[in-house]
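Protein chains: 2
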Amino acid sequence: KAEVGRATWTLLHTLAAQFPERPTRQQRRDARTLVDCLTRIYPCGDCARHFAELVRRDPPVVSSGPAFRRWLCQIHNRVNARLGKPLFNCDLVESRWAPLGC
Amino acid sequence: KAEVGRATWTLLHTLAAQFPERPTRQQRRDARTLVDCLTRIYPCGDCARHFAELVRRDPPVVSSGPAFRRWLCQIHNRVNARLGKPLFNCDLVESRWAPLGC
Chain A
1 KAEVGRATWT LLHTLAAQFP ERPTRQQRRD ARTLVDCLTR IYPCGDCARH FAELVRRDPP
61 VVSSGPAFRR WLCQIHNRVN ARLGKPLFNC DLVESRWAPL GC
Chain B
1 KAEVGRATWT LLHTLAAQFP ERPTRQQRRD ARTLVDCLTR IYPCGDCARH FAELVRRDPP
61 VVSSGPAFRR WLCQIHNRVN ARLGKPLFNC DLVESRWAPL GC
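Listed in order, the protein sequences are those of chains A and B.
Residues in the first sequence are numbered consecutively from 1, following UniProt numbering.
Residues in the second sequence are numbered consecutively from 1, following UniProt numbering.
Watch out, some of these pointers could steer you wrong.
[Claimed, not checked] To give an idea of the chain A side of the interface with chain B (calculated C-beta under 10 Å), a few residues:
#	residue
1	L11
2	T14
3	R25
4	Q27
5	A31
6	T33
7	C47
8	F51
9	L54
10	G101
[To be verified] SDA-like mimics (lysine to any residue), calculated; alpha carbons at most 20 Å apart, straight line:
#	chain 1	residue 1	chain 2	residue 2
11	B	K1	A	R6
12	A	K1	B	H13
13	A	K85	A	I75
14	A	K1	B	A52
15	B	K1	A	V79
16	B	K1	B	H13
17	B	K1	A	K85
18	A	K85	A	A2
19	B	K1	A	Q18
20	A	K1	B	K85
21	B	K1	B	T39
22	A	K1	B	T39
23	B	K1	A	W9
24	B	K1	A	I75
25	B	K1	A	H50
26	A	K1	A	H50
27	B	K1	A	V4
28	B	K1	A	E94
29	A	K85	A	H50
30	A	K85	A	R6
31	B	K1	A	S95
32	A	K85	A	L54
33	A	K1	B	L100
34	B	K85	B	R70
35	A	K1	B	F51
36	A	K1	A	E94
37	A	K1	B	Q18
38	B	K1	B	A67
39	B	K1	A	L54
40	B	K1	A	A17
It should be emphasised that the hints constitute simulated quantities derived from the structure, not laboratory data.
For every residue, glycine included, the Cβ atom is placed at its ideal position computed from N, Cα and C.
Whole structure, please, built from the sequences with the hints as guidance.
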């Protein structure tokens, strides 16, 4: 369970790290859709329901790379809080996850 | 790059492990859509293009859990082959990835 959680955050934060300053309509749609799919078919049912609730209250902000990264960091912190884990300072999110050069 | 690759396969195989015998229309659509989004916004551009090509030639089979798991194993092996990695025996895929009990 923890392993899949870490794997999913790694994918999402890396994806956000390369999300462009000015995303196209398709890129904005894809980011929203990916999050939306995960609220339903994420492989831990309890986690999926909790994630769905968070996303319903605070929908993905996909207007720009920095905005998407900040939104994702805040959602991650809500999950961290629920799990009793330390929170991450979202001012540092831009330096924590680097875009892949490929 | 390798870390995000591993993370994404972990998510996809675990997701496939709990994909039901008889998926609903929504579940089939979500599985297809998730794969489709990744062909475009996967954070390594080269990998995304290669993955898109594989998926175009061999679209996701989402009719049942076992069919989806076999499809995913075969696609993963095409990526393994390209990267010079050992292939996985897809007859064993059902025992490699366990559904999360949550």
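Okay, the hints, checked on the actual structure:
{"no.": "1", "hint": "L11", "verdict": "holds, 5 Å"}
{"no.": "2", "hint": "T14", "verdict": "holds, 4 Å"}
{"no.": "3", "hint": "R25", "verdict": "violated, 12 Å"}
{"no.": "4", "hint": "Q27", "verdict": "holds, 6 Å"}
{"no.": "5", "hint": "A31", "verdict": "holds, 6 Å"}
{"no.": "6", "hint": "T33", "verdict": "holds, 5 Å"}
{"no.": "7", "hint": "C47", "verdict": "holds, 7 Å"}
{"no.": "8", "hint": "F51", "verdict": "violated, 12 Å"}
{"no.": "9", "hint": "L54", "verdict": "violated, 17 Å"}
{"no.": "10", "hint": "G101", "verdict": "holds, 8 Å"}
{"no.": "11", "hint": "K1(B) - R6(A)", "verdict": "holds, 16 Å"}
{"no.": "12", "hint": "K1(A) - H13(B)", "verdict": "holds, 13 Å"}
{"no.": "13", "hint": "K85(A) - I75(A)", "verdict": "holds, 13 Å"}
{"no.": "14", "hint": "K1(A) - A52(B)", "verdict": "violated, 28 Å"}
{"no.": "15", "hint": "K1(B) - V79(A)", "verdict": "violated, 25 Å"}
{"no.": "16", "hint": "K1(B) - H13(B)", "verdict": "holds, 18 Å"}
{"no.": "17", "hint": "K1(B) - K85(A)", "verdict": "violated, 26 Å"}
{"no.": "18", "hint": "K85(A) - A2(A)", "verdict": "holds, 12 Å"}
{"no.": "19", "hint": "K1(B) - Q18(A)", "verdict": "holds, 12 Å"}
{"no.": "20", "hint": "K1(A) - K85(B)", "verdict": "violated, 26 Å"}
{"no.": "21", "hint": "K1(B) - T39(B)", "verdict": "holds, 16 Å"}
{"no.": "22", "hint": "K1(A) - T39(B)", "verdict": "violated, 25 Å"}
{"no.": "23", "hint": "K1(B) - W9(A)", "verdict": "holds, 15 Å"}
{"no.": "24", "hint": "K1(B) - I75(A)", "verdict": "violated, 24 Å"}
{"no.": "25", "hint": "K1(B) - H50(A)", "verdict": "violated, 29 Å"}
{"no.": "26", "hint": "K1(A) - H50(A)", "verdict": "holds, 14 Å"}
{"no.": "27", "hint": "K1(B) - V4(A)", "verdict": "holds, 18 Å"}
{"no.": "28", "hint": "K1(B) - E94(A)", "verdict": "holds, 18 Å"}
{"no.": "29", "hint": "K85(A) - H50(A)", "verdict": "holds, 16 Å"}
{"no.": "30", "hint": "K85(A) - R6(A)", "verdict": "holds, 13 Å"}
{"no.": "31", "hint": "K1(B) - S95(A)", "verdict": "holds, 17 Å"}
{"no.": "32", "hint": "K85(A) - L54(A)", "verdict": "holds, 17 Å"}
{"no.": "33", "hint": "K1(A) - L100(B)", "verdict": "holds, 6 Å"}
{"no.": "34", "hint": "K85(B) - R70(B)", "verdict": "holds, 18 Å"}
{"no.": "35", "hint": "K1(A) - F51(B)", "verdict": "violated, 26 Å"}
{"no.": "36", "hint": "K1(A) - E94(A)", "verdict": "violated, 27 Å"}
{"no.": "37", "hint": "K1(A) - Q18(B)", "verdict": "holds, 13 Å"}
{"no.": "38", "hint": "K1(B) - A67(B)", "verdict": "violated, 28 Å"}
{"no.": "39", "hint": "K1(B) - L54(A)", "verdict": "violated, 29 Å"}
{"no.": "40", "hint": "K1(B) - A17(A)", "verdict": "holds, 13 Å"}
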